[in-house]
Amino acid sequence: MIEIQNIRYAIGDSLILDQVDAVIPKGEVTAIIGPNGAGKSTLLSLASRLIKPDAGAIRVDGHDVHHASTAEMAKLLSVLRQENHIASRLRVRDLVSFGRFPHNRGQTRPEDSEKIDEALDMMEMRPFENRYLDELSGGQRQRALVAMILSQDTDYILLDEPLNNLDLVHARNLMVILEKLKNVGKTPILVIHDINYAAKYATHILALKNGTTFANGPTLEIFQSETLSNLFDSHISIQTLDGQLIALHH
Amino acid sequence: MPGRRLLILFALLALSCVFYLTYGARGDIGFALQFRGPKLAALMITGAAIAVSTKLFQTVTGNRILTPAIMGFDSLYVLIEIALLFSLGGFGYAALGESTRFSFSLVLMIAACIALFGTLMRQTQRDLHRMILVGIIFGILFRSISGLLVRMIDPNEYAVLQSNLFANFNQMDLDLIGLSSLLIGVAIFAAWRMRNTLDTLELGREISINLGLDHDRLVLVVLGIVALLAAVSTALVGPIIFFGLIVTSLAHQIVPSFRHRDLLPGTILIACIVLVAGQSILERVFHLDTTLSVVIDLVGGLTFLVLILRGNIR
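Residue numbers (my numbering), protein chains in the order written: chain U, 15 to 264; chain E, 246 to 559.
If you're looking for bench data, these hints aren't it; they were derived computationally from the structure.
Only a predicted model underlies this, so the values are computations on that prediction, with no experimental measurement involved.
Backbone N, C-alpha and C fix where the C-beta goes; we use that ideal spot for every residue, glycine too.
One should not assume that every hint holds.
Below, a sample of chain U positions facing chain E; criterion: calculated Cβ distance under 8 Å [what the hints assert, rightly or not]:
1. S62
2. A88
3. I100
4. A101
5. D108
In isolation and in its complexed conformation, chain U is listed as follows:
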């Protein structure tokens, strides 16, 4: 369970997040949605200890992320951000093996290789494991990075717009993987713009608007035409097609 308590974060005079309160349940796929500038990525940066809040706290399974040991937090919670500039000239497999760093401090053990293989297979990156990162397309790079996060093997997995750069097949595959991870007890949390993906795969929704919590609850509860229209200030109609929620926003 991730408890977000009364978070406040400002850059200079502009308040990015204010009084954000939410509980993200364990063992569900949570989608963080909201219009541009709502503070979704900032919230993720806070949870991943890249920045510190001006007030409030974020607790993961009771550990305050900004006060607990960062080395221990890395075994509990992993984060993939949108932009990753990597200076080293790495092969895909090398990058993925870094996911084991919190567990082995850089000394690869046999059990680490298993986790690395598993992560590579899940992201269908095995055929590219010996390619250098700068020889990959944007989507393959993104998949390699997700594989690194998966090999980190943490209970909580935070992804900031992971579908960027992915074609629709790989986007869907990633969502299916997140669903599978949920089924083995992991807690994937992702910032996502395509609300139809959120409707299909997420079981819990945290909606942010203007830097504060707009709605937080099970997907079925949040996916109402009125709620979403208010969230985005634009007409969105929620329909059911073949037993599946569809948001019509065009």
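Assemble chain E onto chain U, guided by the hints.
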């Protein structure tokens, strides 16, 4: 694979050393060694210091063209020395004694580097172009202040400092060699202990924090080590702007690895080979004294331009 290449480099270095020690030595070889031995040692520890400081700096800044020397570390050390001379006067400066003065400058240097470059790196957050710009401005600023102070002091006092202002492999400050080797040894040992962490640190702030590193603190620690190494090498031979750049570029070409456990020894070996072989050839074969630093800066400057023009600098 990297292991074999390191062995070849090691053999090359051994050859260069033998060449340096024995080539053209007539008569009693023991007599020649007495002169050449300490100089060889000084060349090697300087090479090692510049190699490691450059590699570490590139690791924490996440790029392959910026070096401590280009960012003005060396000029800052020169400025500190001059400022010390200026405020104490020639008498006080000399009265301090070489090693006290050296230690004092070192402490100042490390504090200044951490304060200055630590803040700078937090501000620019891996914005390479801004870093280059700021680095060049810092370099010019430090050199200009030094220039101003130099013009204001007594010419006799200036003579005390001269060896620090220009790179010179023929008049290395051999009195400092004991203390310098000790400091460089400790700094390199500290870097070696951190080798796995450094691999992870090079992935950038976001990823290294995700992987459980206390990134901001580690960067300051590494900057402290870089400052120490840069100060010691500047004290020994004076500032050579582009040497570190040549060495790390070569190392990345020759040692096919991203791991510091291969790259650190690789850069050290290459730096020592370039210095020892270069100095032997220039000094003994061509009898052109004092020009190694000029040759290095010429070649290094060209490398810098090529790296920038090729654009794939990361």
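Going through the hints against the structure:
Against a cut-off of 8 Å between C-beta atoms, the interface hint on S62 (chain U) holds, since the closest Cβ of chain E lies about 6 Å away. About 3 Å separates the beta-carbon of A88 (chain U) from the nearest beta-carbon of chain E, less than 8 Å, and the hint is met. For I100 (chain U), the shortest C-beta to C-beta distance to chain E is roughly 6 Å, which falls under 8 Å, so the interface hint holds. Annotation: interface hint on A101 (chain U) holds; nearest CB of chain E at approximately 4 Å, less than 8 Å.
Annotation: interface hint on D108 (chain U) holds; nearest CB of chain E at approximately 6 Å, less than 8 Å.
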